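Colleague: Could you build all of it, start to finish, from the sequences and the hints given here?
If you're matching them up, the sequences are chains D and X in order. Its first residue numbered -7, the first sequence is counted upward by one per residue in our numbering. Its first residue numbered -7, the second sequence is counted upward by one per residue in our numbering.
This list has only true hints and no planted wrong ones.
If chains are identical, the list can't say which one is meant, so a pair holds when it fits in one copy or spans any two.
PhoX-like, lysine-lysine: derived pairs with alpha carbons at most 25 Å apart:
id : residue 1 : residue 2
1  : 126       : 190
2  : 148       : 25
3  : 74        : 126
4  : 74        : 9
Since the hints were derived computationally from the structure, they do not count as laboratory data. Since the structure is predicted, the reported quantities are computational estimates derived from the model, not experimental observations.
Protein chains: 2
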Amino acid sequence: MEYVLKIGGSVLTDKNKEKTLSEDFDSILENLKGHENGVLVHGAGSYGHPQAEKHGVKEGSYQGVLEVHRSISELNTEILEKLSEIGLKPVPVHTSSIAYRNPETQLHLDKLSGILDEGFTPVLHGDIVPHKDKGFTIISGDEIVAKIEKQYSTGKAGFCSSVEGVLDDEGNVLDEINSMEEFTDKGMKATDVTGGMKGKVKQQIDEGVKARIFGKDGLEDFLEDRNPGTLVNPSPQ
Amino acid sequence: MEYVLKIGGSVLTDKNKEKTLSEDFDSILENLKGHENGVLVHGAGSYGHPQAEKHGVKEGSYQGVLEVHRSISELNTEILEKLSEIGLKPVPVHTSSIAYRNPETQLHLDKLSGILDEGFTPVLHGDIVPHKDKGFTIISGDEIVAKIEKQYSTGKAGFCSSVEGVLDDEGNVLDEINSMEEFTDKGMKATDVTGGMKGKVKQQIDEGVKARIFGKDGLEDFLEDRNPGTLVNPSPQ
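Modeller: Now the structure itself:
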């Protein structure tokens, strides 16, 4: 496994418009060509967040669980199709099927390496997750990336986001962030039940893994090891 | 977990007609009311077998993997919706996400009990499965039932099939079958890449688990412990 990459729902889809893929996704696809030896994770964007909010899935109700899972699976199917058109052999790994919370999130990720060994590219996604004493809650792609990086230590975990990185008060991209105390929340306006930029950083810090956050124009740099955006680094030397 | 039940693709769908649910499914639903504390598994029937044959997925090619998974997931979605209409809280567990072959089939089933504890009913399905050195192959609902029964020992594993049980040479339903040597293959005419009645029996015998095979009219008897159809019993006393 060479890398683990989340393509944010906010860059994949138009978050203010239900179930619409963004035009940016085409340039992302262009960059992913030939990079089959990694794990992809995608957010839900407009395919999941409005549904999750509407039905209160975040709070654990059953109503809407089916709709949210179906809607996200629909996005997953569309992404798989696009990825196969650029020559990858993507296969879905539905997070809800491998996840359980009690209350810590357990993800059964062992077979990802087996799938990669066969030349296929696993594609996971934000999803519903069974949660002890709470029914179902939502798991974000951010947490999935953190768990995969924790288990596989690729040294190359990344988030292709709708912003260029973590921004300081003046809107400049930080080179590195080491703790939540340094964090400046900014510019996350659209609905995001899974926590936006803050949640993304927190998940990596909580798991103690390094990850890089960058915009769509940083994806090529990320894949070619040129270090775009902000490095989340919970253990600086 | 009180039971594990496979609803055969051949009874769920019209196997000779692509993507059509059968009318029999309504009576099955009627019987399942109130039986939320079990695991359901469904076959693919006309939602998967024609696609798997067409693309040669059984032999491990990539072409068609996406189509087969999508088609089966579509059936799963329809079944979930019907089950929720009768008051169950069904949740999908996509078998391809929890399965790996090396070459023995490994299924990660631990969280099924957690899902049941929350009052939800897990619904698995025949699916594609990553297979070491072979890409992807097909896993049948029959094998899934055998693995679940092996792990959870419900004492109540069943197959609701399009026939009344295992038939002898005269077409009579056998009370019990203990080995493959006793088996008489009969009447399986429509496309079934996963082996029909013979495969169903063999999977249980291979795993050393008991299971009951019956027709749709036997489902109520099965759920009420009245022993319909044929008992597959690999270790008779």
